[in-house]
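Undergrad: Given chain Z, work out where chains L and R should sit, using these hints.
If you want the building blocks of each chain, they are given just below.
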Amino acid sequence: MADVILRVAGVNKRFGGLQALSDVGLEIERGQIYGLIGPNGAGKTTFFNVITGLYAPDSGTFELAGKPYSPTYVHKVAEAGIARTFQNIRLFPDMTALENVMVGRHVRTRATALGAILKTRATIREEQGIKKRSLELLEYVGIRKYADYQARTLAYGDQRRLEIARALATEPKLLALDEPAAGMNATEKMALRGLLENVSHDGITILLIEHDVKLVMGLCDRVTVLDYGKMIAVGTPGDVQRNAAVIEAYLGGAHTNVAAKGEPA
Amino acid sequence: MRGLNAARGRMDTFIQQTLNGLVLGSMYSLIALGYTMVYGILNLINFAHGDVLTVGALTALSTILFLQAAFPDMPGWLVMLTGLLAAIPVCVVLSLVIERVAYRPLRNAPRLAPLITAIGVSIVIQTVAMLVWGRSYMTFPQLIPDAPVTYGEATITLTKLMVIGLSAAVMIGLMLLVNRTRLGRAMRATAENPRVAGLMGVNPNFVIAMTFAIGASLAALAGVMLAATYGVAHFYMGFLPGLKAFTAAVLGGIGNIPGAMLGGLLLGLIEALGAGYIGQLTGGVLGSHYQDIFAFLILVLVLIFRPSGLLGERVADRA
Amino acid sequence: MSDFFPRLRNSRTAVWAATALVAAVLVLLPFVFGQMGNAWVRALAFALLYIMLALGLNIVVGFAGLLDLGYIAFYAVGAYMYALLASPHLTANFPWIAQTFPDGLHNSIWLVIPLGAGLAAAFGILLGAPVLKLRGDYLAIVTLGFGEIIRIFLNNLNAPLNITNGPQGITLIDPISFGAFSLAKTQSILGIELPSVHLYYYFFLILAIVTIVICIRLQDSRLGRAWMAIREDELAAKAMGINVRNVKLLAFSLGATFGGVAGAMFSAFQGFVSPESFTLNESIIVLAMIVLGGLGHIPGVVLGAILLAIFPELLRHTVGPVQNFLFGHVIVEAEVLRMMLYGLAMVLIMLYRPKGLWPAPEHGINPSNRRVAGKAQAG
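Protein chains in written order, with the numbering used here: chain Z, 1 to 265; chain L, 1 to 319; chain R, 1 to 379.
A couple of the hints might just be wrong.
[Claimed, not checked] In silico BS3-like cross-links for lysine-lysine, where the CA-CA straight-line distance does not exceed 30 Å: (1) Lys133/R with Lys76/Z; (2) Lys173/Z with Lys67/Z; (3) Lys214/Z with Lys173/Z; (4) Lys132/Z with Lys145/Z; (5) Lys131/Z with Lys145/Z; (6) Lys355/R with Lys131/Z.
[Claimed, not checked] Pairwise CB distance ranges, derived in the manner of DEER restraints: (7) Asn93/R with Leu240/L: 27 to 33 Å; (8) Glu276/R with Val97/L: 30 to 36 Å; (9) Leu114/Z with Gly179/R: 24 to 30 Å.
It should be emphasised that the hints constitute simulated quantities derived from the structure, not laboratory data.
Every value quoted in this text rests on a predicted model; they were computed, and no experiment measured them.
All C-beta atoms in this analysis are idealised placements derived from N, C-alpha and C, irrespective of residue type, glycine included.
The shape of chain Z in the complex, shown without the other chains (with noise of 0.2 Å):
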């Protein structure tokens, strides 16, 4: 029985009169790069938001490493070791690539405020360990050279870059990635891969939405499906390609009624 990380079951979510997730579940063993994939508003980021604790859901059960967690509160999800990036990419623009990196340290050290003012040793040798492991961190992702350039100013990919060292910077157990190669060219796609690859070598889970087919075929290990919020198909990126289901999701059929030319509608 391999070592599952996140096992997340019977997961609903409604918006209103939109039932956003129906009985969504997953489950992604230590090591493994699994991906979540689907047409444009299948419910994937929604899936993200309550697995991260952003959305409450109507139901569902959650255990990250064999341990039931409740995704009520953001921060705790954090502290419970997943850590996410965001589609929009979410940095904090006016602080620099290295305080951003110093940022994602925060919920694994322990300063406090009295530390800060009384300047105690133990104060000053967290501080330099912070400082130390981010630097580290922007070298492994490979922007070190950009450590104290204000973070709004890094090149697009290097923002994403910069927004996966940080996360990696909180020590999660799971690394969630909304789309993290959205709006990358095809040079800049590769690096990503590779940068993921060596992540997951290192022993990291990797759980990530993406749209790009061949960076997903390429990468993850196991692939969920959704559509419309529900799961539509589970398994490796091989046998999920060559899903009936899937490819009339992703190429039509059931979504639109233009018949396809010479065909009656």
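TA: Below, chains L and R without anything else, positioned relative to chain Z:
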């Protein structure tokens, strides 16, 4: 026998305080409407609204005093009416100037900026009022014959009745304006989504200006009513009513026009009844000069437990 | 020093020289101003109290981004606490207290400062806990409400039990003394005769410097980063595991602490407190100081406090005579002019220089600026 009289006394107190509450509440509603409309469209607390009220009351007072000196035979109600009609345009212009000079340039600035500006504007208006009209409390003349109408031990004057009646009429008029006219539709659309409203041909600047103008007129009316009811006017008179009216707007649901009306009436009733009974409620520890606290307490409690207010907030967005 | 003037950092001697210069000026200031009368030295002492207040509010508004319009309430709490513990009021009104403390209520400064800080912090937590989750402008109004509620209570808690003595306030408050060394008497230090007001000035100067150091250390710490993160993007901060509620509460109560200590000092200095000193206008004045000076920037805040504290003194001494000279009588009193200018300043600053007179230099490198700006916080 004593018990029956005591019961009747309690009932009279209740009726008296309820009537007082309605009077107070009507005025709060008028002021609250100004806050709620501006907040609905701009997401801005118009801190200077209470001071517009002050200027309205003081302008009316000056006009009335002038008329009384120049035309001593003019009937009281006409003097009052003229005073009011003089106050309204002054308030409207003042309000439009504030919007244009202090708020419009900051429409896209972080939330803190227009709030600080609003506070600054409020202070400037107060000090200018202090310079123009002096620091002392001025008597507002009794222009409406005040034959009290009695019910048991409870009395109400003509002035107070007029406050209630006039406020009701104005509020009905406003509801008609907002719901049945083109301008009202434009206002509601701009409140929901200014950019789309703009795409539909609504000029947001014009709508915003009209919103401020209407709010200012209501404030002028409320200011005159306050001065006439309590017989006194001074440069700081708008501060507390303004703050309480804001509470009323929040209570009813900020951005919600019927909410402001409801909130105003409720707050007035709570304050009046509270002031009447606080002595008994607290066993004599707190006296009626604590009545101002009611509004603040309600404000705090509503914002903590039900920030969307009674009738729901139009803008749903949390810190 | 080198935090304030990055260019100086390059020369250690320059830093030392500048610091020595500033220190000399600060020490000699009361003697210079004293030539014009003790009122000026009093003004300097009050300016130092305002600096403490402004720095305290800066933690709340500038560091954590929470708009507090009722900050003066903490000043009031500290002031009244000291007043009650170090004046004849309680012993005069409550016989059982008079019996317990036959020599009257007097309290050592070493007790008062921590007590004032603690009480204010407690109030900060009490007031802050329910409301810090509110959106910016709502929080502003609620805190305004709290400030007013406290003032109303101070004004009315003279019946049935006379706790605060109502609008008349509490008088005959003990001055600050260190054992036998009282700041209310002229003392001789190093052979120089220092009148009471000078002594208070130096004491407040020390307190102000301590406050500045504390603020700098907080800003450059894990907590300071958390505050900045919350200001920039609260949701992202939460997603990184920051307990936003507690961190905000910490800012609120730390700010309150400074207010409380300053309040106790004010009480002792003035010898008398009444609810009139703690109105909404005072809260707004402190806010104006940090907005004018440079929100979130410690040197800016200090500058703003000094300007807006000294300015009324200047006005008082010039406005009257100038108007008398020009018009034969005073048209606009100094007090009124002062408030009007405060209001105008707030509007103009927001419109034309929203970051303040002395804003914080940009954090980090911005390549489009073609210069290395500021010092990175962690660098």
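Undergrad: Take the C-alpha atoms of lysine 131/Z and lysine 145/Z, compute the straight-line distance between them, and say whether it is at most 30 Å.
TA: With Cα atoms ~15 Å apart, lysine 131/Z and lysine 145/Z stay inside 30 Å; holds.
Undergrad: Given the hinted pair lysine 133/R and lysine 76/Z, is their Cα-Cα distance within 30 Å?
TA: Roughly 17 Å between the alpha carbons, so the hint for lysine 133/R and lysine 76/Z holds.
Undergrad: Are lysine 355/R and lysine 131/Z close enough, with their CA atoms no more than 30 Å apart?
TA: holds (29 Å)
Undergrad: Do asparagine 93/R and leucine 240/L keep their Cβ atoms within the hinted range of 27 to 33 Å?
TA: About 30 Å separates the Cβ atoms of asparagine 93/R and leucine 240/L, which means 27 to 33 Å holds.
Undergrad: Taken at face value, is the distance from the CA of lysine 173/Z to the CA of lysine 214/Z at most 30 Å?
TA: Given pair lysine 214/Z, lysine 173/Z holds - Cα atoms ~26 Å apart, limit 30 Å.
Undergrad: For the pair leucine 114/Z and glycine 179/R, does the Cβ-Cβ distance stay inside 24 to 30 Å?
TA: holds (28 Å)
Undergrad: Taking only the CA atoms, is the gap from lysine 173/Z to lysine 67/Z under or equal to 30 Å?
TA: Holds. Lysine 173/Z to lysine 67/Z sits at ~12 Å (cutoff 30 Å).
Undergrad: Does the Cβ pair glutamate 276/R, valine 97/L satisfy 30 to 36 Å?
TA: This hint holds: roughly 32 Å between Cβ atoms.
Undergrad: Is lysine 132/Z close enough to lysine 145/Z, meaning Cα to Cα at most 30 Å?
TA: holds (14 Å)
Comparing the model with each numbered hint stated earlier shows that all of them hold.
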